[in-house]
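K.L.:
Sequence order for the protein chains is A and B. This note's numbering numbers the first residue of the first sequence as 1 and each following residue consecutively. This note's numbering numbers the first residue of the second sequence as 1 and each following residue consecutively.
Hints were generated in silico from the structure; no laboratory data involved. All values reported here derive from a predicted model rather than from experimental measurement. A couple of the hints might just be wrong.
Pairs of lysine to aspartate or glutamate, EDC-like flavour, derived with a Cα cap of 16 Å [unchecked claim]: (1) Lys258/B / Glu345/A; (2) Lys54/A / Asp206/B; (3) Lys246/A / Asp32/B; (4) Lys85/B / Glu377/A; (5) Lys257/B / Glu336/A; (6) Lys209/B / Glu13/B; (7) Lys57/A / Asp159/B; (8) Lys31/B / Glu281/A; (9) Lys54/A / Asp203/B.
So you can see what is in the structure, the chains are spelled out below.
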Amino acid sequence: MQTKLVSFIGALRKHDVRISTAETLDAMRVMALIGYSERDTLKMALASTLAKTKEEKALFDHCFELFYGGERLKINQANQDNDKANNSENSSFDLQQEIADNPLVKEALDSPLVQMLMENDPAKLTAAMAKAASEVSMEKLRYFTQTGQYSRKLLEQLDTGQIDDSIEQLQGIQDSTADFVIDILQNRKQQLREIAKQQIEEHLLLTANAEGRKLQEDVLRSAKLSSLERKHFDQLQELVRKLAKKLSSRHSQRMHVEKRGKLDVGKTLRKNVHLDGIMFETYWKKKRKDQPKVIAFCDVSNSVAAYAKFLLLFLYSLSDVIPKVRSFCFSNRTGEVTDLFNRYEAAQAMEMAFKQWGQGSSDYGQSLVDFADLCLEQIDKNTTVIILGDARNNYGDARLDVLQKVYNRAKTVIFLNPERRSQWNTGDSEMRRYQSASHFSTECQSLQQLERIVDQLLTLIR
Amino acid sequence: MTKTLSNTSPLMEDAETIRSGFDSLGYIASKDISTAVYLAYHLEKPILIEGPPGVGKTELAKTVSMYLNLPLVRLQCYEGLDEAKALYEWKYGKQLLYTQVLKEQLGDIMKGAKGLSESVDRLHEFGDIFYSEDFLEPRPLLKAMREENGSVLLIDEIDKADYEFESMLLEILSDYQISVPEIGTIKAVSKPMVFLTSNNTRDISDALKRRCLHLYIPFPNGELENRIIDSRVPEASDKLRDQLVEFIQQLRGLDLKKSPAVSETIDWARALVLLHADSLNKDVVEQTLNVILKFEDDIETAKSELAGLLNSVNKNT
């Protein structure tokens, strides 16, 4: 049972649930304390030691059901109940009797697996299946298409040849009992096949799929965002959340900058009068550290929308470390979308923002003017402005003067351009001019680059 | 397992006993909760309780302390909480007096000492109690460790405290001991039961999570909530209770800034009883909506859905 628990924990780890050795030991103590008799209690108890967030709880539930195959057992039970309903207690008893009376049939059924099938005890069958599964090496099971091959292997391990032998022998006997038994055996064999397939699929879900996903995530991280297909977006969002969490834990745990200021001599003396003026209790002048403000200004016209999506997703996933994010979207006019993000789920908010502001071709000049009208007053020396766009202005008026105003007021202006550096300043791109009014500009093409940028941003503003 | 069972209270025999015990104290616990308490007691591990505000996280610790008849030591966390406020503090005033007393006696001690080195030797012989437990002012955490018969320690809203404070807690939570640099380590007389609560305003560090059992208390389902109201507001008629619980359950399905929690349901039930309402109708609900919803926007949203909500409540009860 202990090895089973350990491999269960292995499966959990593959699903990104972080479990330490200490927690494994705890889980073992829990098992010893609770026992195995009540499945639900055990599940709850293990969950409280192994899964430490709401998300991990969901993963845990998923894995637990797969691993401690409760569902499978239930299916078997249902089958068995059906069987019982079909041929009432009485007739199955008769059958046993008839088999016992008929030495030929009895001999034909004389092999362990067939005996087990005739008894139809789901617990025993599951145990046998699990044993066989542990003997078949499944390290190479990776893809869904392999399930057929591996379930066949599993059945071979169970030695299903015994069933065929029995059936063959039975066919040789011309007898109504034998015919009946053949029917039953055929039926059970089919069931067995299905259980084996299920077992393999579950194994795939438990382990191989998790590995495949990891591989895919690595690919997604370095892929160019605009070339990704829509179907990957859900997965990417998940990934962004994961990366954001990593960043936020790294940055929030950094040691605080010395919080207190100089000694407040006056207050210290006053408060220590009752101690003869000896300065036992010291009081310090407080240094107020203003919370950093981040303002994101994103081009959401078709060419750059994908990047804006992930930048915003990133910023809003970082609410732990940067609590104040205001975001504006533009193509030819600018609008604030902060409220949308506070009210709705990130993905939904994004759809709405893009629908509202993403129409039309980009007009940086007008958008910058709008932007300045909306929030230039709020930009101060604690504010970081992130501008995301390709700076392609359709040969319109660039209005660099507005950006310069922003540049002079803000702590930092960061310009992110999803185009390659070599394509900057070609055609209608105003990148060179905008670059002159930003502290820092860089290309951001993949999630990996985006992650790096946000990491730097955090270092910069905190 | 090396746990000695001699000090195990019969009250903690199994999860079911705990659950019915809590019932009689007016805390209606789900099986998750009683199992977690059972495990925490027997594994001697702290419980980290998470969940939306108002589902009874703090109440659980209070109930356990009542149930086991142990003193409850509560530490409310906030930004800037440090060890002087949470662990211990020196009694500066008394220390000062002590040094003055010492000064007066110094003459007697040093009498007849020849040379500097002998004086210093004598000074060393003299017991140094300047930093000793006599001058230690215990704060909640130290207080909890010093309780003879154990205690229930509630560290409330740990997510509000700084990371440094979280790291400081690690020693206490895993070994039940406190290090005071001037004295050494102080071990718990008997291990307290520790409850930490968090409203999830930020993530708790993995190190802390690893040392705790984790319990997530969600909003209760209809049946559980019905029992809670029954136990907390027995004056409410059966019909009213069924209806208001169903209404709240439906309300949680809406997109609200803050969904009503159990504490709001209880308040609402009390308010309705005060208004002598024996069933829900549109007028009563509209008048009292501000008891369960705390944002103007939410109240607007709920009002616009009111007819539909009441309809389905009437259908389901």
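K.L.:
Next, verify each hint and record whether it holds.
P.N.:
Here is how each hint holds up against the structure:
| no. | hint | result |
| --- | --- | --- |
| 1 | Lys258/B / Glu345/A | 15 Å, holds |
| 2 | Lys54/A / Asp206/B | 14 Å, holds |
| 3 | Lys246/A / Asp32/B | 30 Å, violated |
| 4 | Lys85/B / Glu377/A | 41 Å, violated |
| 5 | Lys257/B / Glu336/A | 20 Å, violated |
| 6 | Lys209/B / Glu13/B | 26 Å, violated |
| 7 | Lys57/A / Asp159/B | 20 Å, violated |
| 8 | Lys31/B / Glu281/A | 50 Å, violated |
| 9 | Lys54/A / Asp203/B | 12 Å, holds |
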